[in-house]
Amino acid sequence: MKIGAFEELVLLAVGSLGDEAYGVTVKELLLEKTGKNPSIGALHSAFYRLEEKGCLESSEGGATAERGGRRKKYYQLTSFGRKVLVEADELRMAFFQQIPGLNLNRG
Amino acid sequence: MKHSQHIPKWPERLLRAFCSERVLEYLQGDVYELYEIRLKRLGKFRAQLYLILDVLSAFRPLFFKSNWSNSNTITMLKYNLILAIRGFKRYKSTFFINLTGLSIGLVSVLMIYLWVHDEMSFDKFHVKKDRLYQVMTNTSSENGILTHGSTSTLLPDALRSEIPEVEYVVPVRPMPVAIISSEEVQVKASGQFAGKNFFDVFTYKILVGNQQNVLQDKYSMVISEELAIKLFGTPEKSLGKSVEWKLDNFGGTHIISGVWEKPKQNSSAQFDFLVSHEAFLERSRMDNSWDSNPIAAYLTLKPDTNLDLFNSKLSDFYNKKRGNDIAEYPSMFLQKFSDKYLYGRYENGKVAGGRIDYVILFSIVAIFILVIACINFMNLSTAQASKKQKEVGIKKAFGISRIMIAFQYISESILLSALSLVVALVVGFLLLPEFNHISGKQLTMNGGWVLFLFGFCVVLITGLISGSYPAFYLSGMKAVEILKGKLHTTVSELWIRKGLVVFQFSISVLLIVGVLVVYKQMNLVQNKNLGFSKEHVITFSWPRQQNENMQLFLEQVRNTPGIINTSSTSEPIINVQSTSSGHGWEGQQANEEEIQFTGLNVNYNISETLDIELAEGRLFSKEFASDRNAVVLNETAINAMGLTDPVGQWMELFGMRREIIGVVKDFHFQSMHESIKPMFMVFNPGYAGTINIRLNANSENGTIATIESLYQSFNVGVPFEFNFLDDSYQNLYESEMRVSGLSKYFASVAIVLSCLGLFGLATFTAERRTKEIGIRKILGLSVFGIVKMLTGDFSKMVLVAIIISLPLAYFMAEKWLDGFAYHVDLEWWFFAVSGLATLTIALITVGWQTLKVAQINPSDCLRDG
Numbered sequence: 187m188k189i190g191a192f193e194e195l196v197l198l199a200v201g202s203l204g205d206e207a208y209g210v211t212v213k214e215l216l217l218e219k220t221g222k223n224p225s226i227g228a229l230h231s232a233f234y235r236l237e238e239k240g241c242l243e244s245s246e247g248g249a250t251a252e253r254g255g256r257r258k259k260y261y262q263l264t265s266f267g268r269k270v271l272v273e274a275d276e277l278r279m280a281f282f283q284q285i286p287g288l289n290l291n292r293g
Numbered sequence: 010m011k012h013s014q015h016i017p018k019w020p021e022r023l024l025r026a027f028c029s030e031r032v033l034e035y036l037q038g039d040v041y042e043l044y045e046i047r048l049k050r051l052g053k054f055r056a057q058l059y060l061i062l063d064v065l066s067a068f069r070p071l072f073f074k075s076n077w078s079n080s081n082t083i084t085m086l087k088y089n090l091i092l093a094i095r096g097f098k099r100y101k102s103t104f105f106i107n108l109t110g111l112s113i114g115l116v117s118v119l120m121i122y123l124w125v126h127d128e129m130s131f132d133k134f135h136v137k138k139d140r141l142y143q144v145m146t147n148t149s150s151e152n153g154i155l156t157h158g159s160t161s162t163l164l165p166d167a168l169r170s171e172i173p174e175v176e177y178v179v180p181v182r183p184m185p186v187a188i189i190s191s192e193e194v195q196v197k198a199s200g201q202f203a204g205k206n207f208f209d210v211f212t213y214k215i216l217v218g219n220q221q222n223v224l225q226d227k228y229s230m231v232i233s234e235e236l237a238i239k240l241f242g243t244p245e246k247s248l249g250k251s252v253e254w255k256l257d258n259f260g261g262t263h264i265i266s267g268v269w270e271k272p273k274q275n276s277s278a279q280f281d282f283l284v285s286h287e288a289f290l291e292r293s294r295m296d297n298s299w300d301s302n303p304i305a306a307y308l309t310l311k312p313d314t315n316l317d318l319f320n321s322k323l324s325d326f327y328n329k330k331r332g333n334d335i336a337e338y339p340s341m342f343l344q345k346f347s348d349k350y351l352y353g354r355y356e357n358g359k360v361a362g363g364r365i366d367y368v369i370l371f372s373i374v375a376i377f378i379l380v381i382a383c384i385n386f387m388n389l390s391t392a393q394a395s396k397k398q399k400e401v402g403i404k405k406a407f408g409i410s411r412i413m414i415a416f417q418y419i420s421e422s423i424l425l426s427a428l429s430l431v432v433a434l435v436v437g438f439l440l441l442p443e444f445n446h447i448s449g450k451q452l453t454m455n456g457g458w459v460l461f462l463f464g465f466c467v468v469l470i471t472g473l474i475s476g477s478y479p480a481f482y483l484s485g486m487k488a489v490e491i492l493k494g495k496l497h498t499t500v501s502e503l504w505i506r507k508g509l510v511v512f513q514f515s516i517s518v519l520l521i522v523g524v525l526v527v528y529k530q531m532n533l534v535q536n537k538n539l540g541f542s543k544e545h546v547i548t549f550s551w552p553r554q555q556n557e558n559m560q561l562f563l564e565q566v567r568n569t570p571g572i573i574n575t576s577s578t579s580e581p582i583i584n585v586q587s588t589s590s591g592h593g594w595e596g597q598q599a600n601e602e603e604i605q606f607t608g609l610n611v612n613y614n615i616s617e618t619l620d621i622e623l624a625e626g627r628l629f630s631k632e633f634a635s636d637r638n639a640v641v642l643n644e645t646a647i648n649a650m651g652l653t654d655p656v657g658q659w660m661e662l663f664g665m666r667r668e669i670i671g672v673v674k675d676f677h678f679q680s681m682h683e684s685i686k687p688m689f690m691v692f693n694p695g696y697a698g699t700i701n702i703r704l705n706a707n708s709e710n711g712t713i714a715t716i717e718s719l720y721q722s723f724n725v726g727v728p729f730e731f732n733f734l735d736d737s738y739q740n741l742y743e744s745e746m747r748v749s750g751l752s753k754y755f756a757s758v759a760i761v762l763s764c765l766g767l768f769g770l771a772t773f774t775a776e777r778r779t780k781e782i783g784i785r786k787i788l789g790l791s792v793f794g795i796v797k798m799l800t801g802d803f804s805k806m807v808l809v810a811i812i813i814s815l816p817l818a819y820f821m822a823e824k825w826l827d828g829f830a831y832h833v834d835l836e837w838w839f840f841a842v843s844g845l846a847t848l849t850i851a852l853i854t855v856g857w858q859t860l861k862v863a864q865i866n867p868s869d870c871l872r873d874g
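Order-wise, the sequence lines are chains G and Z. Terminal number for the first sequence in the working numbering: 293, no gaps in between. Terminal number for the second sequence in the working numbering: 874, no gaps in between.
Honestly, the hints are just simulated from the structure, not real lab data. There may be inaccurate statements among the hints.
[Claimed, not checked] Computed from the model, here is a short list of chain G residues facing chain Z with C-beta under 10 angstroms:
id, residue
1, Phe192
2, Ser202
3, Leu203
4, Gly204
5, Lys213
6, Leu215
7, Ser231
8, Thr250
9, Phe266
10, Arg268
[As the list claims (entries may be wrong)] Computed cross-link-like contacts, EDC-like style, restricted to lysine to aspartate or glutamate with a CA-CA straight-line distance of at most 16 angstroms:
id, chain 1, residue 1, chain 2, residue 2
11, Z, Lys246, Z, Glu270
12, Z, Lys273, Z, Glu128
13, Z, Lys49, G, Glu276
14, Z, Lys18, G, Glu252
15, Z, Lys543, Z, Glu490
16, Z, Lys239, Z, Asp209
All values reported here derive from a predicted model rather than from experimental measurement. Every residue, glycine too, gets a C-beta built ideally from N, C-alpha and C.
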């Protein structure tokens, strides 16, 4: 399974937010962690594709006044999504260890 | 749950229009939530800005409603694009001809647009431009009604106090180049005397100083930022400093009360300092009366003033003040200051044009060039229709509507013109420096969104025009007939195609004749014997305050090696303007009409310096002390006065009887637009401050340096600025030269484009008739015969174009030449050459292509079925 760099970031953010992952919170978290501010359209399109790929599942809930009475769509990692993240991490580690002079153990 | 009160409604509607159900609700929710958060953090304006960006960011195909991204419209657009690109690939030569043609056309249009835009932008930066006027006066003279912008010094105050519609009025008097000196620096600058409300009427940004009262004080002076930097380093430092300014006849020491920033926009008024008008009134020797007109008056009217009513009121007012009968001239009218740059020519007391003529002329040329390029496209696509007929037939059989097919061809042509615009922008960018050189402007392509909008409109219009005919022609065919192969080129189609070619070439011929006539006329202007010799002569003005030393200076110059001779005149010899009338002479008839004389004050050695030829008698000489009371006339004057043996007779000038000592042959002392008028010359070195020096051709540079140091020794610290007489002469024809330069290029563009189209058509016809050619060759037709057969049609079209356009060209050329008192005669060969040149170029274009076709081996083109 191939996922793009931005999609990977979104997956990580959704994972770390637990039960509170929806458009606005993910956007804020990404801004906080990466310093880059993704547009809401880009974010939703990543959600859309990740859901199609089976990395995310969603549930509806929590309509509030500031949302004009509209429901939120909460996302959660699927087990496949976790697997994809782990694979991506392993791939990266494998590369890292092949680079001479980059001793990861030393932090 | 309720909406927040101030949340905008449009994002909801917009998102609902294109977003699929799957994302719509959550996306909307997030967008609104983000808006609320930002509203608290960033405020309303920025929250709304981000709201727009958010909604835009959601506009991506992934979210589109399924019936939207798969809708007919989108599919059709995609499909049309593919078809267009395939078409371009398949017919490469046609594509390149079209692209080149449209690009050349668009480059020309772009350049002309930049030029026109620049011309139109003059003086438009004044905030009150819609009610800012100059007072113009019409006076009757023997040459008809004369319109001028100068008026009495009494007028501004009278208007201000007595006519309520006037908001502000300022008197302005431009002055010749003055010398401005601070304690350390001395510079030359041009300035104006200006009334107190100058900055209320004209919009200039005051950098330093109080705008309300910069010109209140009689001894105040306002300078431009550039001048401030030259004099004191910075605008701030110059405030409150005193500077001395010096003109020929007066000057003074003033305190700088303000500095303004020169506008970045075009301005017709160029000046570097302003001195209070009161300083002018106080020192000017001209009397303050209603009969002398030393100033220009600019005023702003109160909003919603009726201009016509005001004009008649103004004339009445003025004539009452002067004590004239009201029905009689002079009359006054207001001209918008922002119009004056373009509309500066008056006929019979009315605005009759000016630079606007050239603006209109070039705009028309631009439109013609674009039309020619469009016609190429139209012709080639209709000619190619036969190749596209089957495609159209099948589409129609499948039920695609006529409008859809038309739309396909229009979108194809719009795509092509958009591509051409890209090419044109690149080429235009590269050519701009050269264009600036020719047109004498500093144009840039930083037009911003106006230029963008212009480009967009041009692309749309070009695409629509050039796509329209093929689109409607092709889409109108009947499916059954096409598929049965019954369709033939109709007569009307052929006629239209031929008509378009004829039209193209008519314009080309017209432009060629135009270029030829302008060139010949400019040639005449350049090479006509003026009656004096303007080469190797430098001129400069002698400072008035050094008057008494001028003769000494001239004496020393005369003794300098490398100098042939020197003399001085009151005005530059190439443009003498002062006129007077009411003079008498010996034997004058009592009831004779008054003659208006042009007068020139001269010094010794005038004929040796300028090579003015004598017809009779002699010129002023040191050997005759009485020459101070003598006069020399030109031949035109002698004829007008009706004198038979003029030398020795007397003439009365300004109440003084003078002896006629000589007659000079006529020479051109004004531009060729004017005829040679009666002229007198009197010896008066005190009023002849324009020095002319004839140099030896070989050592000009060294000699000029010598003269400069000599000049400096007489005028310490005054910059030495001189002109070559022949350069100044060129400047008299500046606008004509520019037009002549530009028209050459545009005429070439027109003919190249027309030939490009013809080339395309010829290629196409030859291609379609290869089989016919093959058979004809087998039957024994020679190569020459085939070329003749193929070119015959085209040469007929070009001939018709020539016949149509030549009379038109004759008429237009004559009209232009009428503006010159001395002009070339329109000779038959101008037209013959233009026609023949066009025909030859067209024939070469077509012949070259057909020759290639005519040489094919018949077996090659006949073999495959």
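For which of the previously enumerated hints does the structure constitute a violation, in increasing order of number? Those not satisfied are hints 1, 2, 3, 4, 6, 9, 10, 13, 15, 16.
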